[in-house]
Amino acid sequence: MQTHAFTCDPFVVGKTQPAATDRHIPAEEALCPVVSHEWVNSEYKHLVVEASAKALAVKAGQFFNLLCPSPDAGDLWLRRPQSVYRVDHANRRVEFLYKCVGRGTRGLATLQTGDQLNMVGPLGVGFTLDPAWKNIVVLGRGVGLATLAPISQLAGEQHIGVTAILSARSAEFVMTTELFEQVGRAIQVLDSDGTSAVENVEKILEQLVAEGKADAFFTCGSNRLVQLMKRLGKKHGIPGQVAMEQIMACGLGPCYVCVKTFEVNGQKELRRVCIDGPVFDLQEAVGW
Amino acid sequence: MVDMSVKIGSVTLKNPIMPASGSFSTELAQVMDINRLGALVSKTVSREFRIGNPTPRVAELECGMINSIGLPGKGVEYFLQHQIPDYKRFTPPFVANITAQTPEDFEAMARDVNVPEVDVIEMNISCPTRDPNGGNFALHEDHTYTVVSRVRRATDKPVWAKLSPNAGDIESIAKAAEKGGADALTIANTLLGLKINTDTFRPAIGNKYGGISGPGIKPILLRMVHQCSKAVKIPIIGCGGIVKVEDVVEYMLAGASAVMIGYLTFRNPSGMIAIIDGLEEWCSKRGFARVADLTGAMIDEKPAETYASAAAPIG
Chain A
1 MQTHAFTCDP FVVGKTQPAA TDRHIPAEEA LCPVVSHEWV NSEYKHLVVE
51 ASAKALAVKA GQFFNLLCPS PDAGDLWLRR PQSVYRVDHA NRRVEFLYKC
101 VGRGTRGLAT LQTGDQLNMV GPLGVGFTLD PAWKNIVVLG RGVGLATLAP
151 ISQLAGEQHI GVTAILSARS AEFVMTTELF EQVGRAIQVL DSDGTSAVEN
201 VEKILEQLVA EGKADAFFTC GSNRLVQLMK RLGKKHGIPG QVAMEQIMAC
251 GLGPCYVCVK TFEVNGQKEL RRVCIDGPVF DLQEAVGW
Chain B
1 MVDMSVKIGS VTLKNPIMPA SGSFSTELAQ VMDINRLGAL VSKTVSREFR
51 IGNPTPRVAE LECGMINSIG LPGKGVEYFL QHQIPDYKRF TPPFVANITA
101 QTPEDFEAMA RDVNVPEVDV IEMNISCPTR DPNGGNFALH EDHTYTVVSR
151 VRRATDKPVW AKLSPNAGDI ESIAKAAEKG GADALTIANT LLGLKINTDT
201 FRPAIGNKYG GISGPGIKPI LLRMVHQCSK AVKIPIIGCG GIVKVEDVVE
251 YMLAGASAVM IGYLTFRNPS GMIAIIDGLE EWCSKRGFAR VADLTGAMID
301 EKPAETYASA AAPIG
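Just so you know, the protein sequences line up as chains A and B, in that order. For the first sequence, the working numbering begins at 1 and goes up steadily by one. For the second sequence, the working numbering begins at 1 and goes up steadily by one.
Isolated chain B (complex conformation) (with noise of 0.2 Å):
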C-alpha cells in the first residue's frame, strides 16, 4: 500500500491530483468518480456577471492547445447560491478560485467566499491575457504583495496564489506572494501566445492573444517550480501540460508538493483517475511508500567531472 495523501500546509489531499480552474465542474461526473480527486477546484469567479471572450475561444497548435475564454460566469452570488451546494455534493476539498481587477475588489472577493464550504482559496492574479494594471497582478512583485496581503488580510482560510509564467522573473513573484502570506503557490497559469490562421490572416481565437496549454509548456512550467521551490518555504503545486504520470512524478521531483490538470481532460476526460491509479503503481514499483517522498528528490549534484575538471593538468 502506497500513502497517496499529501500536505499543502495545513490542507490533507487524499492524492496529489487535482483539476486545474477553468476545466473543472460538476459536470465531469458524467464520465468519472470525481470523489477520487485531491481536491476540486472551482472555475475562476468574479464578483460581477461576465460574458466571456467572443468565439473561437481555443485553437490547437504544434504542442498543445490555445485559449482565451474570458473567464465567463454568474458572478459570486450565484456562485454562493447555487454552486458551492453543487460542489458540496461531492467530498474531496473545494478550492474556490477567484479573480479581480483590483487589490480592494479581490479583498471583498476574499470575504464573500470566507464560508464553512470552502476549503482553500486560490487567486488567480495571473489571466494571460489581462491587462498587467487590471488583474494580472503576477507580473510584478509590488503588486503580487499588495493584493496577497490583502487577501491575507480578509480570511483565515488557506490562500493559494497561482502565478503567471509570463512574469520575467518568477522567483521573485513568488517571494512577493510568500512574504504577503500566501499558503501555497500555484505555478502556473497558461503562456500567453498568438496563433494566425494563414488563410484568413486573422488571429485563431477571437480574442487574439491566448494562452497556451498542453505538454509543449511543460519544460518551461517544470523549471519555474524548480526555480520557485528553492526560492520560497511554502508548498508549491505544479501545474501545465500534465499527460501522464511520469510528468506528476517530474513536477514531485522538481519540488511539487501536489499538480494540477488541465488539458489532459479534454484529450481523455477520465485521464485523472487513470493518472492517481497509475501514480500508486509506479511507486508501488519503485518502492516509494509516501508519494509525498517524491517531493523535492531530484538528484542536483553537480557534474562529476566538467570542462574545467577535463582541462586541468593532469597531477
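Just chain A, with the same shape it has in the complex (with noise of 0.2 Å):
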C-alpha cells in the first residue's frame, strides 16, 4: 500500500458526507469499500465498490481515475484510467472488469473485500445513443468489450437491437457473453479458431449491415477492428463511436499526456482521451 505521506481529503463512501459545498462539481475524489474482487480467467478481475452519488451518475463511456495500491515496494504515482464495466444502480455499486497487464492492474488485483479504493471520477465524454436507431453493432477486442457493456446495456433499456461481436484470443477471455446476450445476439470471434480474423468479421459486418441491423457502430479494443468498422461506417453512411485509451495522467484535461491523433475536416488534430474522450467520433479518429 501506499508508503508516502500525503496531504488528500477524500471522504470515504458509506461513513463519512463529502462537503457540502460539492453539490455543483460533478467528480470528486472518494474512498469506495471493494465489495468484492474475483479474477474471471488467468488474466481479467471483476471488481466492484460501493460507490458515492456522484459516482452511481456515470454515463456508460465515462471513466474513473484510479489510485492503484503499489504491487511492490516502490510506490505508484500516477493513477489508472479505467472505465466502467456496469452500474448497479439498486445496490449503489460501480463495477469494473479490466486485465492485469502493468504494474497498476497489478497493484489494483491485491485489493481485497474491504479495502478501500480511491476513485476520481467520473470522468470525461461517454457514448451517445440516437433514440431514432432501431438497432446497433457493438465490437470489441478482449477486455475492451468491458467498455461497450453500458452502451450495450442502455440500448437495450430503450429497446435497440444489439448486435454484439466479441473478438478474442480463445473462449475462456470472451468476455460478459451472457451480459451481451440479455440485451440482444452475442458472436464470438476467436483466434483459436481463425474466425476473429479481419475478413471474416468484415463478412459478419456486411451481413449486418444488409439485414438492417446496423444503425450505428460502437468499438474499442483493437486497431484492426477499428480501421475495418471506420472503413464500412464510411462505405455505408453509419455512424459510429470508439472509446480510445492512452496512458494518463490528471484525468482532467489541464495536463495535456493523454492525446491521440484525429482528422476532422481533413485537418490532422491532437484531442485529448481524458476530457474531449474518451469516447470520439470513429470517422475522426486516426487509430486506436
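These aren't lab readings, by the way, just hints derived from the structure by calculation. On a predicted model such as this, the values are computed, not experimentally measured, just so you know. For every residue, glycine included, the Cβ atom is placed at its ideal position computed from N, Cα and C.
Quick partial rundown of chain B residues pointing at chain A, CB under 10 Å, derived from the structure:
| hint | residue |
| --- | --- |
| 1 | ARG57 |
| 2 | ARG267 |
| 3 | PRO269 |
Put the complex together from the two separate chains, hints included.
Okay, here's the thing in C-alpha cells:
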C-alpha cells in the first residue's frame, strides 16, 4: 500500500459525507469500499465497489481515474484510468472489469474485500444513443468489450437491438457473453479457430448491414477492428463511436499527457482522451 | 483566525497556494472550487500554434514522474480571445505564463498579454527540454538578464521569472533576473532527466529527455529557494514536490512567500484545497496569526558544538 505521506481529503463512501459545497462539482475523489474482487479468467479481474452518489451518475463510456495500491516496494505516482463495466443502481455499486497487464493493474489486483479504492470521477465524454436508431452493432476485442457493456445495456433498456461481436484469443477470454445476450445477440470470433480474422469480421458486419441491423457502430480494444469499422461505416454511411485509451496523468484536462491524433475536416489535430473523449467519432479516429 | 494572505511584491494573494503552470486549467472546476486558490496560473502560452511532443508524454519514476509535453497550445491570439475570458469567470488573480525562443519574441509576447485581465506575467525561461540557445534562458546569467530586462521594458505588470533547477549556479541566475527587473522568482521548473524502458531499450517518453517532478526533487528545490532567498531581495515562490502541508511550511521557512503545486493535482485532484485548509489549521495549532510570518523563519544558527570546538583543548 502507499508508503508516502500526502495531504488528501477524500470522503469515505458510506462513512463520511462529502463537503456540502461540492454540489455543483460533477466529479470527486472518494474512497470506495471494495465489495468483491474476483478473477474471471487467468488475466481478467472483476472489481465491485460501493460507490458515491456522484460516482453512480457515471454515463456509459465515462471512466474513473483509480489510485491503485502499489504491487511492490515502490510507490505508484500516477492514477490509472479505467472505464466502467457495469453500474448497479439498486445496490449503489460500480463495477470494473480489467486485464492485469502492468504495475497499476497488478497493484489494483491486490485489493481485497473491505479495502478502500480511491477513485476520481466520473470523468470524460461517454457514448451517445440516438433514439432514432433501431439496431446497433458493438464490436470489441478482449477486455475492450467491458467498455462496451454499459452502452449495450443502455441500448437494451431503450429497446434498441444490439448485436455484439466479441473478439478474443480464445473462448476463455470472451468477456461477458451473458450480459450481451441479455440485450441482444452475441457473436464470438476467436483467434483459436481463425474466426477473428478481419476478413471474417468484415463478412459478419456486411451481413448485419445488409439485414438492416446496423444503424450505428460502437467499438473498443483493437486498432485493426477500428480501421475495419471505420471503413465500413464510411462505405455505408453508418455513424460510429470509438472508446480510446492512452497513458494518462491528471485525467481532468490540464496536463495534455493523453493526446491522440484525430482527423477533422481533412485536418489532423491532437485531442485529449480524458476530456475530449474517451469516446470519439469513429470517422475522426486515426488509430486506436 | 489565521491571516492566510501573502504579498508577492504589489500582488496580494488570499493564501499562498497556487497551481504550477502546466498542471492547471479551468477544467479542474470538475473537482474543486478553484475560486479558493491564491491565484490561477495559465499553461505556458507561445506566440505560435504548437502541437507538442510525441506520446507517451509521461512516465512514473521511483520518486515521482517525468514528463515532456512540449508546450502544446493554440497560440497567443487564441489565448487572448478564448482562454483569458474563461479564466476570468473565476475570481483569483490571473497569472499569464508565457514563453518564446528569442528575447525579441519574448518582449513581443509580453506586449501581447499586457491586457487588463492579466494580473501577473510569469516568464517560462526554463522549459527543461529546450535548447540553451532557444528558450532555456535560465541556464545562463546573461541570457536571463537580457530576456527579463526586455520583458520589463514591455510591461508595467508584475513580472515573475520561473528559474531552472538545471542551472549550475542558480544564485547568479536569481541575481541576474532581479537585476533585469523581475518582481519575483518562481523556483523552479522541473529537473531534466531520462528514463529508459529496459524491455524495449527505448526512452520511456516520446521526447527522450523530460522534466522530473514529484516529492523526490523537493529537497533540491528547497535548498535552491533558501540559497536564492539569501541572494536576492525580491520575493520567491517555491515550487517542486509539494504533496502535504508540511512541504509548504518548509518552503516558506526556507524563504518562499508563496508556493506552486503541480504533481499533487495528478495524485489528489483537489489536494490544493486540502492543503489550504490544512495550512490554516497548522498555523492555528502552532500559534501563527499570519501565515506570512513563516517566510524565512528557518532557524539558521551555527551549531552549538563544532568539530573544532569539540577538539579544542579544555581550559
